[in-house]
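Chains as they are written, first to last, in my numbering: chain Y, 482 to 586; chain U, 2 to 229.
Source of the hints: derived by calculation from the structure; they are not laboratory data.
Here are the simulated lysine to aspartate or glutamate pairs, DMTMM-like style, with alpha carbons at most 25 Å apart:
# : chain 1 : residue 1 : chain 2 : residue 2
1 : Y       : LYS564    : U       : ASP186
2 : U       : LYS228    : Y       : ASP512
3 : U       : LYS229    : Y       : GLU519
4 : U       : LYS228    : U       : ASP181
Owing to the predicted nature of the structure, the values given are computational and were not obtained by experimental measurement.
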Amino acid sequence: MTLTSIIFAGILTYFTRMTMIALISRDMLGDKIKAVLEYVPSAVFPAIIFPGIFINDFGTFIEMNDPKIFGALVAVIVGYFSKNIIATISAGLVSYWFLIFVVFN
Amino acid sequence: MLTKKQLFTRGMLDISPHMLSVIPFGIICGAIGVELGFHPYLVYAMSFIIFGGASQIVFLQLLSGGASSLVAVASVGIINSRHLLYGAVLSEYLEKLSFIKKLLISYVVVDQGFAESNKFFKKNRSEEFLHYHLIGTGCTMWVCWQIATLSGIVLGSFVPEELGLTFAIPLTFIAIVVQDLKKLDHVIVMITCGLSSLLFFDAPFKSYIIISPIVALFVAALLLRLKK
Numbered sequence: 482m483t484l485t486s487i488i489f490a491g492i493l494t495y496f497t498r499m500t501m502i503a504l505i506s507r508d509m510l511g512d513k514i515k516a517v518l519e520y521v522p523s524a525v526f527p528a529i530i531f532p533g534i535f536i537n538d539f540g541t542f543i544e545m546n547d548p549k550i551f552g553a554l555v556a557v558i559v560g561y562f563s564k565n566i567i568a569t570i571s572a573g574l575v576s577y578w579f580l581i582f583v584v585f586n
Numbered sequence: 002m003l004t005k006k007q008l009f010t011r012g013m014l015d016i017s018p019h020m021l022s023v024i025p026f027g028i029i030c031g032a033i034g035v036e037l038g039f040h041p042y043l044v045y046a047m048s049f050i051i052f053g054g055a056s057q058i059v060f061l062q063l064l065s066g067g068a069s070s071l072v073a074v075a076s077v078g079i080i081n082s083r084h085l086l087y088g089a090v091l092s093e094y095l096e097k098l099s100f101i102k103k104l105l106i107s108y109v110v111v112d113q114g115f116a117e118s119n120k121f122f123k124k125n126r127s128e129e130f131l132h133y134h135l136i137g138t139g140c141t142m143w144v145c146w147q148i149a150t151l152s153g154i155v156l157g158s159f160v161p162e163e164l165g166l167t168f169a170i171p172l173t174f175i176a177i178v179v180q181d182l183k184k185l186d187h188v189i190v191m192i193t194c195g196l197s198s199l200l201f202f203d204a205p206f207k208s209y210i211i212i213s214p215i216v217a218l219f220v221a222a223l224l225l226r227l228k229k
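Go ahead and model the full structure; you've got the sequences and the hints to work with.
Next up, the structure:
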């Protein structure tokens, strides 16, 4: 029963991946749409970033002094200047751990 | 002109830093599935059949919380509908491929792979075998995701919960978009998306994940009009 649902969910997911690549030809998208599509990364990823920072595991807003906000800010600053993915992730995690294990402990 | 192998390797190298967040997250996903009481084979089957990060956890959480299969399947579809936008962007670079190759390559299109390959494509439009970069990012992600979720299923949550490693996921995406903070129009689009995602967070079926990009792209279209 669960396996059937997983298969349906998998087919649906595959279609979200395949539809625009295999079934749509470039001519069907006008220049205006292509110009807007330039913004896709900036328009999609914050929908993963913001809830990941500001909403906790129970689906409610975090306090304004939550260590995650500080960790995210450090990651933005380090990422902006270092242009390095590993440095960005590590800086965010380490500053977050510093607050939860050292400062707030 | 780079060879297929060079492009594939470049794709692998470009996505590998993201494994710092993907691997712990995969372990957690696998472990949660088993903790929620699902059969290990089923939890693993999802990594193979759905191959879609957070949507796998949501699916199991919904089912274990008593939601109907229809609701669970619909939620996975809505969460993953953002791939439609990735596909629309990538189609420009993949149009020369045969239909079969397009069908095969589609399976490995993932968030981080799309982001890194798209950055590479923009700078190297003239390369003949560009799609090998996408295969490189996608296959690296696939292999790491399978191994990570499998280890979470077999070994349980051996990643200490106190470390809060799910926080690495927003960080990995910060690393992807952070250079675009230099451009005001992109900043406006990002803030629009981020604020909408918080505003619509409680919308049914986790639909905030596609509603907020649509709102943000609408704002992007308005900005393009103003620029002219």
